[in-house]
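> The primary structure of each chain is shown beneath.
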Amino acid sequence: MTEFTTWDILRNLLLAARWTVLLSVVSFIGGGIVGGLVLFARTARAVWLRRLAQGYIELFQGTPLLMQLFLAFFGLGLFGIDVPAWLAAGVALTLWTASFLAEIWRGCVEAIPKGQWEASSSLAMGYFQQMRHVILPQALRIAVPPTVGFSVQVVKGTSLTSIIGFVELSKAGTVVTNATFLPFTVYGFVALIYFALCWPLSKSSQILERKLNVAHRNH
Amino acid sequence: MSLIAITEVRKSFGSNEVLKGINLDVDPGEVIAIIGKSGSGKSTLLRCVNGLETIDDGSILVAGAQLLPDDLHLKALRLKVGMIFQGFNLFPHLTAGRNVMLSQMVVKKTAKAPAEEMARKMLDRVGLGHKFDAFPDQLSGGQQQRVAIARALAMQPIALLCDEITSALDPELVNEVLAVVRELAAEGMTLMMVTHEMRFARDVCSRVVFMHQGRVHEIGPPGEVFANPKTPELRQFLGAH
Amino acid sequence: MTYQFDFGWMAEYWPVLLSGIRVTLELIAIGGVLGVALGIGCAWARALGPRWLRPVVSTYVELIRNTPFLIQLFFLFFGLPSLGINLSEFTAANLAMVINLGAYSCEIVRAGIQATPAGQYEAGASLAMIRFQVFRHVVLIPALQRIWPALSSQIVIVMLGSAVVSQIAAEDLTFAANFIQSRTFRAFEAYFVSTAIYLAMAILLRQMLRGVGYVLFPKKAVR
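Protein chains in written order, with full-length UniProt numbering: chain F, 1 to 219; chain A, 1 to 241; chain U, 1 to 223.
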């Protein structure tokens, strides 16, 4: 058996971390798009649409992400498709992310004073015009910090895809551990790489939040 | 024919009946002041005329068209009737000029250049032509309310509803807003305003409506209503003001 | 789709599910109480504790909040034995949950503490309370009352996150589902049923925590 140097370990982990980053980005963008649709349904006038969106959110926030990954992996398989792990991982993470983003954004939409809806109504704007020109531009501003904050959860969430066999940072950690028998070192490195990915996001979310609060006080 | 015809309008919030059968006809060019204690239903009535509240019973006709709670009818109504709010409700992310341009462009599909021209004209009319590029948080309360009036006027409504438009203002800013309304009245704009400014109501309005417990309790020209209140409720109300 | 759903295995395997549910409930019961306690302790240390302790606590909180639970779990279970510390699957799983929840609840409790008006500290001090008494009576209780909803959500999140402890062979509900699918080859059905159970547990846990909130803080929060 060949000896692994620390650099070998780190290099392998960093190579695998690319997949963590890619999956995070794809899930976050996909989740943002689906989440936007869920948001529209959740704030729509039609009661059945609101209920549907509420059920969606309740379902994905009320069950483990791991179960959602399993169900995507085995459920898509029921359609006779040979499901690669990356596909199940992408689908499950996207849907899971969407449920949280929709709820975060709903909070931001509801934080916009009622008077803004009434004023735009009295100017004869329709629902989509109100959303597009009056509500969303204001809601987006306050949505940035919590959205960036949630991206940390997405990055960490990708670690679970190792369990259905997607080879990213966590899976690489297990593989390298099995080859080197150095779990303390390897998982220590894995944790540090995750930290290096997540901490800047957490920090910038905090800074953006603080900036927003200061801006509000000046009004 | 009356411009706004309110017939037997009823409205409840839960078990609380706020409007108990309101009848009121407003002729073109009339300036109506609606007075009464808080909770008398005067703001609710105004909001019903703009479709911000749906009515439970009765009918509201504006320029012959019935107010129905579907999007198409609501839009048609709101193109005819503008509304000014107590809290101004300017769009904080847009400049004063953009506030006035927005609904012209997205609702009426007016091109940018004529919309901007209209916005400048309307801001001039309320004496704020020089504030075109100011954001709402850079304006005083009185200036914000005048922008809100310009914003409503830019849609070229045939009537304006004013819901306690000076109540949120510091006393020294009230007059600049009332001056604008006075001018509008002089130009023949039809106005329905809920107000606490009794002197303004006396000087400018063609009729005064006193609302009490969800009903039109007394109605008439200001000279009559203020000089000879017929009911003890109105006497008491005027005494307190 | 020609797949035939088959839930017949439940007749034979429901005791497996039940024992999995029991382990998951034990994990969240112990982890919830100890985790929140740890969080309160850390929040105290950060707000009012000795100066040297503050960077230690904030490093802990930042490290935990910015790394996946799965890796924390692996580090404890696979990594610590190389330092001579051997933990059982259940202990490692529970310890990981306590450490994880501790970091998050520290942040939540801290936010509640920061919302305490300065006058409250001064009023407490003027009544000759010592610092710890002020913290306990004047600061902590109202703070907990304020942040109870956020804390409850976090406990539910940790409960759902505990599904991954099956990866170190702690015999929780997910472990039971894995076991059943390996025996029956009914993967989708096994995970479908356990997902439904998780959903029910999440809803019940949320209701229960709301009830606990009413009992702990009978008066309405003064904001």
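Hints in this document: simulated from the structure, not taken from any laboratory.
Heads up, some of the hints might be wrong.
[Unchecked claim] Derived DSSO-like pairs: lysine-lysine, alpha-carbon spacing no greater than 27 angstroms straight-line:
id	chain 1	residue 1	chain 2	residue 2
1	A	K230	A	K37
2	A	K109	A	K75
3	A	K80	F	K171
4	F	K114	A	K37
5	A	K20	A	K230
6	A	K75	F	K114
7	F	K211	F	K114
8	A	K37	A	K20
9	A	K230	F	K114
10	A	K75	A	K108
11	A	K109	A	K80
12	A	K121	F	K203
13	A	K20	A	K80
14	A	K109	A	K121
15	A	K75	A	K37
> Which constraints among the numbered hints does this structure fail? Numbers only, ascending.
3, 9, 12, 15
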